[in-house]
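Protein chains: 2
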Amino acid sequence: MPRGVLIDLSGVIYDGTCALPGAVESLQALQASGLPWLCITNTTRQRRRDIARDLQALGFAISEAHILSAVDATHQWLATRQRRPSLLVHPAVVAEFLDLDRRDPDTVVLGDAADGFSYRALNRAFRLLLQGAELVTMGDNRYFRDLDQGLSLDIGPFRALLEHASGVSATVVGKPAPTFFTTACERLGLDAKDVLVIGDDAEHDVAAGMAIGLQGCLVRTGKYRPGDEARCPGAQVVADFSAAVAPLLRG
Amino acid sequence: MPRGVLIDLSGVIYDGTCALPGAVESLQALQASGLPWLCITNTTRQRRRDIARDLQALGFAISEAHILSAVDATHQWLATRQRRPSLLVHPAVVAEFLDLDRRDPDTVVLGDAADGFSYRALNRAFRLLLQGAELVTMGDNRYFRDLDQGLSLDIGPFRALLEHASGVSATVVGKPAPTFFTTACERLGLDAKDVLVIGDDAEHDVAAGMAIGLQGCLVRTGKYRPGDEARCPGAQVVADFSAAVAPLLRG
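Residue numbers (the numbering used here), protein chains in the order written: chain A, 13 to 263; chain B, 13 to 263.
Everything labelled a hint here was simulated from the structure, so no lab data went into it.
Just so you know, not all the hints are guaranteed correct.
To be verified - Partial chain B-side listing against chain A, Cβ under 10 Å, derived: (1) 27; (2) 69; (3) 70; (4) 73; (5) 109; (6) 111; (7) 134; (8) 154; (9) 163; (10) 177; (11) 195; (12) 198; (13) 199; (14) 249.
Think of the CB as a built atom: it goes at the ideal place given N, C-alpha and C, for glycine as much as any other residue.
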């Protein structure tokens with residue numbers, strides 16, 4: 013039995029602008045059970061405080077301290093190494109990096125810049141890479157389900173673009189990077205083998221966590237498409253977040 | 013000895029907004045020699061008539077009929093197959109495709125859209141590919157030397173982005189596609205083995221032409237960087253266009 017839980021957010025407990033059915037109640041029950049839990053997200057269009065605020069508005073009892081985001085992980089990565097970033101990220105998260113020296117950049121930081129992915133901005137990043145800058149990316153997802161319910165481009169394709177153009181290989185700091193899951197387990201104070209990761213992305217949530225020893229559970233909500241099971245062999249596969257949590261509460 | 017010549021344009025006879033030294037005179041001498049020649053270009057920011065006009069302004073005696081461009085090759089590809097394109101191309105070349113039905117598109121056409129490479133436009137192309145559209149690209153170069161003398165992103169990285177996101181593989185219609193070089197040789201009325209291709213791109217001009225039997229000549233101008241020779245083994249390597257043409261005039 014798992015002794016702690018990592019919970020992906022988008023597509024698992026909410027989708028677009030709505031809580032998924034039963035998710036608010038299941039998270040309450042998990043909290044009441046005393047099992048430690050942490051939300052993990054590659055969302056790079058929001059600061060952690062704004063993610064928490066939006067989840068609270070949907071009825072979830074989630075504070076900043078319950079969230080590990082790729083933005084925070086990236087800031088930690090840069091600060092530890094005293095890097096000077098050039099930011100190709102969403103305007104909403106630029107403020108998280110203002111304490112770092114950004115003159116004469118030695119690292120291109122790639123987030124989900126959305127409309128910030130202009131030809132001009134991509135060229136600027138490309139030229140820095142040619143001059144020797146390192147490429148660090150907050151995630152590597154190929155796409156996500158957008159507010160209009162269509163699939164939109166995530167960071168991964170832009171990582172592929174810059175790598176192809178420059179010949180520089182990126183370091184991924186968010187999911188599916190092993191260090192991201194290791195950091196999350198440290199926050200819970202548990203060994204990886206005692207932690208269950210619940211996600212809708214077979215590769216970047218479930219298989220990536222299982223690769224460093226976590227238990228995995230794939231939910232059939234969010235970006236799930238039939239057949240995704242094959243990408244995370246050995247994982248539990250359940251209908252939704254409530255079905256993932258229920259067995260943990262019986263103990 | 014070659015009996016005809018294919019000439020890449022940017023970086024071979026001009027660079028940015030200037031003719032390269034000796035290039036105007038060498039092209040005149042080639043014309044006077046009677047050897048057939050054709051300019052081949054993956055430039056997809058201009059129509060063929062505008063390319064010819066700009067070259068004439070630099071002093072070159074080059075008409076539309078002397079040019080085979082990736083835009084024309086792409087139009088031919090679409091028209092032959094009765095395809096309905098969705099255009100992710102530069103505004104300057106949209107007019108070349110107005111005779112084709114663009115409703116309910118079945119083919120995403122990728123050119124050097126420059127500032128047209130917005131997040132919105134890339135998402136639109138991505139969603140069409142997910143719905144089953146085919147991806148056709150006018151070229152596959154990684155970068156080119158821009159007017160400010162810096163290197164800027166070309167079509168290849170955006171092809172890589174869309175392929176990575178969608179899982180769809182692109183069909184390349186411009187250089188380095190074999191069909192592009194075959195079409196060029198047909199225009200000259202010569203077998204590939206009797207044609208010399210002169211270019212500054214070791215892979216997409218020289219090696220690509222040699223792969224279907226042309227003779228190859230790499231010039232050390234334009235985007236050439238020391239060491240590029242290794243990417244087109246067996247090719248002549250010369251200082252510039254004049255040095256490439258001089259041996260052809262001795263015969």
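Here's how the hints hold up against the structure:
Interface hint at residue 27 of chain B: violated, since its Cβ lies 18 Å from the closest Cβ of chain A, which is beyond the 10 Å cut-off. Below 10 Å, beta-carbon pairs count as interface contacts, and residue 69 of chain B has none with chain A, the closest being about 26 Å; its hint is therefore violated. The criterion of a C-beta within 10 Å of any C-beta in chain A is not met by residue 70 of chain B, whose closest approach is roughly 25 Å, and the hint is violated. Hint status for residue 73 of chain B relative to chain A: violated, with the closest Cβ pair at about 34 Å, above 10 Å.
Annotation: residue 109 of chain B was flagged as interfacial toward chain A, and the flag is violated, the nearest CB pair being 21 Å apart, outside 10 Å. Nearest Cβ of chain A to the Cβ of residue 111 of chain B: about 28 Å, over the 10 Å cut. The hint is violated. Checking residue 134 of chain B against chain A by beta carbon gives a least distance of about 6 Å; that is within 10 Å, so the hint holds. Interface hint status for residue 154 of chain B: upheld, as the beta-carbon distance to the closest one in chain A is roughly 5 Å, under 10 Å.
Because the smallest distance between the Cβ of residue 163 of chain B and any Cβ of chain A comes to about 6 Å, under 10 Å, the interface hint for this residue holds. The interface hint given for residue 177 of chain B holds, since its Cβ lies 4 Å from the closest Cβ of chain A, which is under the 10 Å cut-off. A hinted interface residue such as residue 195 of chain B counts as satisfied when its beta carbon comes closer than 10 Å to some beta carbon of chain A; here the least separation is about 26 Å, so the hint is violated. Checking residue 198 of chain B against chain A: minimum C-beta separation of about 31 Å lies over 10 Å; hint violated.
A least Cβ separation of about 31 Å between residue 199 of chain B and chain A goes past the 10 Å threshold, and the interface hint is therefore violated. Taking 10 Å as the C-beta contact cut-off toward chain A, the hint placing residue 249 of chain B at the interface is violated, the least distance being around 22 Å.
The structure shown violates the earlier hints numbered 1, 2, 3, 4, 5, 6, 11, 12, 13, 14.
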